[in-house]
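Asker: Dock chain B against the given chain A, drawing on the hints supplied.
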Amino acid sequence: METITLVLSYPIILLLAPPVMLGLITKTKALVAGRKGPPVLQPLYDTIKLLGKGAVYSSTTTWMFKLGPVVSLAAVFCASALAPLAGAPLISFNGDAILFAYLFALGRFVTVMAALDTGSSFEGMGASREVAFSSLAEPALILTFASLAYRSGGLCLAQMFAPHSGPSAAAGTILVLGTLFVVLLAENSRIPVDDPNTHLELTMIHEVMVLDHGGPDLAFILHGAGIKLVLMSALLVRLVLPEMPPAAALGSLLFGLGCVAVAIGLVESSMARVRMVRVPQLLVAAICAATFGLMLTLR
Amino acid sequence: MSPASRFASVGNGEAVDYSRVPVVPIEDFRSAILRMAAAGRRLCALLSTGVAGGPPAGLLAVLADDAGGRLYLAASEPVTSYKALTPELPQAHLFEREIFESSGITPEGHPWPKPVRLVPADKVTFFQETGEEIHEVAVGPIHAGIIEPGHFRFQCHGETVHHLEIQLGYQHRGVERLLRGGPDSRSLSIAETICGDTAIAHGWAYCAINEALGGASLSLRAEALRAVALELERLANHIGDLGAISNDIGYLPAMSYFGRMRGDYLNLLMLASGNRFGKGLLRPGGLAFDLSEEMCASMAGTVRLGLKHLEQVAGMFFGEPSVISRLEETGVISRKVCDDLGLVGVCARAAGADRDVRQDHPFGFYRFRHIPSTILDTGDVFSRAMVRFLEAQRSMEFLSALLGHLPAGSASGPCGAPAANHIAVALIEGWRGEVCHVAKTGAGRKFEWYKVVDPSFHNWMGLAMTMRGGEISDFPLCNKSFNLSYCGHDL
Chain A
220 METITLVLSY PIILLLAPPV MLGLITKTKA LVAGRKGPPV LQPLYDTIKL
270 LGKGAVYSST TTWMFKLGPV VSLAAVFCAS ALAPLAGAPL ISFNGDAILF
320 AYLFALGRFV TVMAALDTGS SFEGMGASRE VAFSSLAEPA LILTFASLAY
370 RSGGLCLAQM FAPHSGPSAA AGTILVLGTL FVVLLAENSR IPVDDPNTHL
420 ELTMIHEVMV LDHGGPDLAF ILHGAGIKLV LMSALLVRLV LPEMPPAAAL
470 GSLLFGLGCV AVAIGLVESS MARVRMVRVP QLLVAAICAA TFGLMLTLR
Chain B
10 MSPASRFASV GNGEAVDYSR VPVVPIEDFR SAILRMAAAG RRLCALLSTG
60 VAGGPPAGLL AVLADDAGGR LYLAASEPVT SYKALTPELP QAHLFEREIF
110 ESSGITPEGH PWPKPVRLVP ADKVTFFQET GEEIHEVAVG PIHAGIIEPG
160 HFRFQCHGET VHHLEIQLGY QHRGVERLLR GGPDSRSLSI AETICGDTAI
210 AHGWAYCAIN EALGGASLSL RAEALRAVAL ELERLANHIG DLGAISNDIG
260 YLPAMSYFGR MRGDYLNLLM LASGNRFGKG LLRPGGLAFD LSEEMCASMA
310 GTVRLGLKHL EQVAGMFFGE PSVISRLEET GVISRKVCDD LGLVGVCARA
360 AGADRDVRQD HPFGFYRFRH IPSTILDTGD VFSRAMVRFL EAQRSMEFLS
410 ALLGHLPAGS ASGPCGAPAA NHIAVALIEG WRGEVCHVAK TGAGRKFEWY
460 KVVDPSFHNW MGLAMTMRGG EISDFPLCNK SFNLSYCGHD L
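Protein chains in written order, with the working numbering: chain A, 220 to 518; chain B, 10 to 500.
What the hints contain is simulated information worked out from the structure, not anything from laboratory work. Incorrect hints may have been included.
Label pairs and their calculated CB-CB ranges [stated by the list, open to error]:
#1 A:Ala466 - B:Ala147: 53 to 59 Å
#2 B:Arg378 - A:Leu260: 52 to 58 Å
#3 B:Arg313 - A:Leu250: 27 to 33 Å
For the chain A half of the interface with chain B, some residues (derived, Cβ under 8 Å), not all of them [what the hints assert, rightly or not]:
#4 Arg254
#5 Glu357
#6 Ile410
Virtual Cβ for every residue (Gly too), placed ideally from N, Cα, C.
Okay, chain B solo, but in the shape it has when bound:
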């Protein structure tokens, strides 16, 4: 019996009748997931289908087969406790903590079943090392820069970090609760504000869920313009991150130049949508409005000039010996840790994992035109910076080719109400990594539950692992090289 036989198979951005998702006893569910993971499938989402205070509920898993381009769904029968997956499958650790927190189902044997986001950090216990020369450093939730709140607890021996524990939850707004009962007129805005710098990717994932459930098909022009918006978002953030890394290591000219260039791409999104983060551009069924020919031509010009500038500044940045010596071998994450924790996005590709939704589970316009994925294998801050530069370069090449030859047609189309009792999964490769939305409709054609997994949810533990045995003075640089989202994690 193949491990996939206990699962319903769907493609990215497809809906399936919920009755086709197999519901199996928890022991079978558990062993099927472990067998799938052993065969190289990745856990995209693991959730409890119940709502707090409701009747006992089961678990639902979404696994991705990156090589085969398929997604697998399975559900368990209702449980109140089960044997935790985490000891055998570390990538489930945060999902199981989240299930424990939100639904009360106990993952027995979970090594660290503490709250994820609903309990304030001063009410939770932290792992503590003891010893005469061990000291503890607490950073945050209020930081020196203008960034989001999060708490970091270091156990140090001198300058060496033995352990870092990250406690978030300060940005919890109840996104999944607000989306439940939708779609309504607020749902899209809520999806776009899941994570402010990833408005396009989350907005697109929300639209893809609606289009899958509503059976809408998009015009080629709408698909192409969405890809343009997603790549502009990627450019603004990747280039902004390179500037932030330059700032952290005190290399000021590159910081200024990258910072200015980030503004160029935010301005292009502003030109397209009236918002520097592209909010309000997407609609289920297509785009809220079409872009004129002149606008596309001016975008193409900016991108072509921007590519030249990017290559010059990156040449200066990566050609400076003091920069290379600062970045190389700092904050290393091994391929094994990357796979064990199920990391996604830039930091996985920097550690040698060829994992890119645009290539593995192509969606939208990426089904017709591919962007080569960028893989480096050292897993240090240098490779995370380099992957950002190379991806920005690929995106610019993609944009300048696409903007000259946009398909004709209408940019918006109808999107019907969701089908009843269906489940849909949408994966979008946002600039940080894989954005995953899973939603199920009830008999009233409304969302019974809506689940969001931001790439940061997978990756925060990766940041904690890079600090093991590292220097505490390297933490800000490592943190910047991951640049994870607090609100995307906290929802």
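For reference, chain A alone in the conformation it holds in the complex:
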């Protein structure tokens, strides 16, 4: 029974949850704005449509440009094998938290390289912004991992995100949750850091790096971004879920993912994007919160 749930959970979480989460965010934003909005499954339809298309490659690009989407999708698939989702992760060892964080970094590295490969001034600007802001988001993520690792006594995601009770943990958990949510918004190019819906290249951070990709490459990038969102949200959800049997864990995880999607949609509906020079301030605030969380844990 446990094995069946585990086997079932991966296709659901890796194939279905990413488009549904993105669709739920869009739906929430539409409803708040008084519109009907596209169907929740629209991102899935888009991905299927893109997979059926051909791709156009500029003559200035090299193999690096084609490698970007493939490697970044592969990196998030590998990261999903390490993450505790419905139950125990597929692969677990001491130190997998570091590998998890840097698989995301690998995906970003190849995306940036593919963007620079085009030689376009827009893509170069996007790449420099992405690298600058992620260099601030990364310490925040690592500091939250550090406090969770100290609490659980090992650098293993399964233990770090295992249910942890006791009032002494509450304050630290709240700070970790807050930091992870800000990092999630930044890493997944959501408002207030980036605007995933904008058409204005000059203001984009992440989107501008993938402007030249089309067809299956774009489908890989979009789906990879969706999985990244699901994985980071799943970690958030795992932090607040109590111990429960696998089937219930899968159900509550999916429900939790839905809640995170609605929360992101509400954040995006209730505020404007901050101006780009203020983004580092937001991320530094996240680093500070993570540091306080670590201090509370160490105390």
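Answerer: Chain B alone, transformed into the frame defined by chain A:
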């Protein structure tokens, strides 16, 4: 000798016999303009009266005295070159480039005499900065959104913009050439399509030129209904701009609400004229057709409800701290730059310049009923957005008062053929700013030349100036806060 003595003085929407416009040597013409500008007069138009390939021609200037409510005209003797005004009078820079391009008269000493609209952007040179860390970003003419084509060339150091050069001309259709030889049955339609979102203001300016030259006088009802149409156009565009600004900063609820409200006013224009931009409503002599009492009553109801909705949504928009922090101190234009460049309309009023044709050179119904002008002084994106909201509010108050008590009478009247050898100037405060038409008739009572100055012609350089030292990521927002017309500039 007062500086105005070398000029013929006319009121807004008046014609004068061309022989009364003084023709002076170019040196006197030049120094008279500089003296007038030093006394606070503004350059509305500077043009060459010649046509390409014709005999040598002179220059003609239209200056506005906003405080005195008069317009001043003067012409120069024919020249082939002259000492450029631009170094001493920056607001002449684009006019002189246009004269150089269209008539071949050389403004000597012009700092940047490159083509305005007739040469494709890939054939012109751009100012280029050099340095190891300087990079160049080229945007357009094809853009990501559904907007008009224009080319923007940025010289950047990292995220900071050192210089922006804007090259337009992709929308050039030859409007002034098509209007030459008129008025004929096509002229009004051409005037209405000078700039699609300003159909009423340009159409009105064209009608005012014809009425001035033809000596027609309008009924009070026609004047009032024209003002209604102009304010509806202003409402649709100002509210649409607020929605577009919300979209650019990612504040989605306000974008949706403003977007819906823009539709309400386009629909009112549709109700009045059968066209969402009000094309076909105006005719020289009045309106093409009258509006029924029920129609006016239903408009008044929509406007009154719309005012309530606008105040609610604007309250939400301007009450949101993240919106204020995004808009304030972004894309600042100082009062000095505004005056030097002769900016007009919303962006001038947002920078503290009290400049509104409806108040300074009242025309039509605005002679009898005034709309208070809205002045803010910070000159940033916030003040341009705020001026739009406040002006929309004033327009709605004006409309709901006027629609309840429209003067009775006929909405259309006759307009005769233009008088021969006359020149007329019409200024209309369109939603973007001052729309200026100048026309001269020949002996055959037809337009010898017809000159159009859209507010965008004055204001594009203002947008380029706001970007100096700004962030390149702020450009789309600044651009939206100006929302200038490409086709109005390109003609």
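Asker: Determine for every hint whether it applies to the structure shown.
Answerer: Cross-check of the supplied hints:
Remark: the range hint 53 to 59 Å for alanine 466 (chain A) to alanine 147 (chain B) is upheld by a beta-carbon distance near 57 Å. For arginine 378 (chain B) and leucine 260 (chain A), the Cβ-Cβ distance of about 55 Å falls inside the hinted range of 52 to 58 Å, so the restraint holds. With their beta carbons about 29 Å apart, arginine 313 (chain B) and leucine 250 (chain A) fall inside the hinted range of 27 to 33 Å. Restraint check, arginine 254 (chain A) versus chain B: the minimum CB separation of about 6 Å is within 8 Å; hint holds.
Among the interface hints, the one on glutamate 357 (chain A) is violated; its C-beta lies about 21 Å from the nearest C-beta in chain B, farther than the 8 Å criterion. Evaluation of the isoleucine 410 (chain A) hint against chain B yields a held restraint, the C-beta minimum of about 5 Å falling below 8 Å.
Of the numbered hints given earlier, the model fails hint 5 alone.
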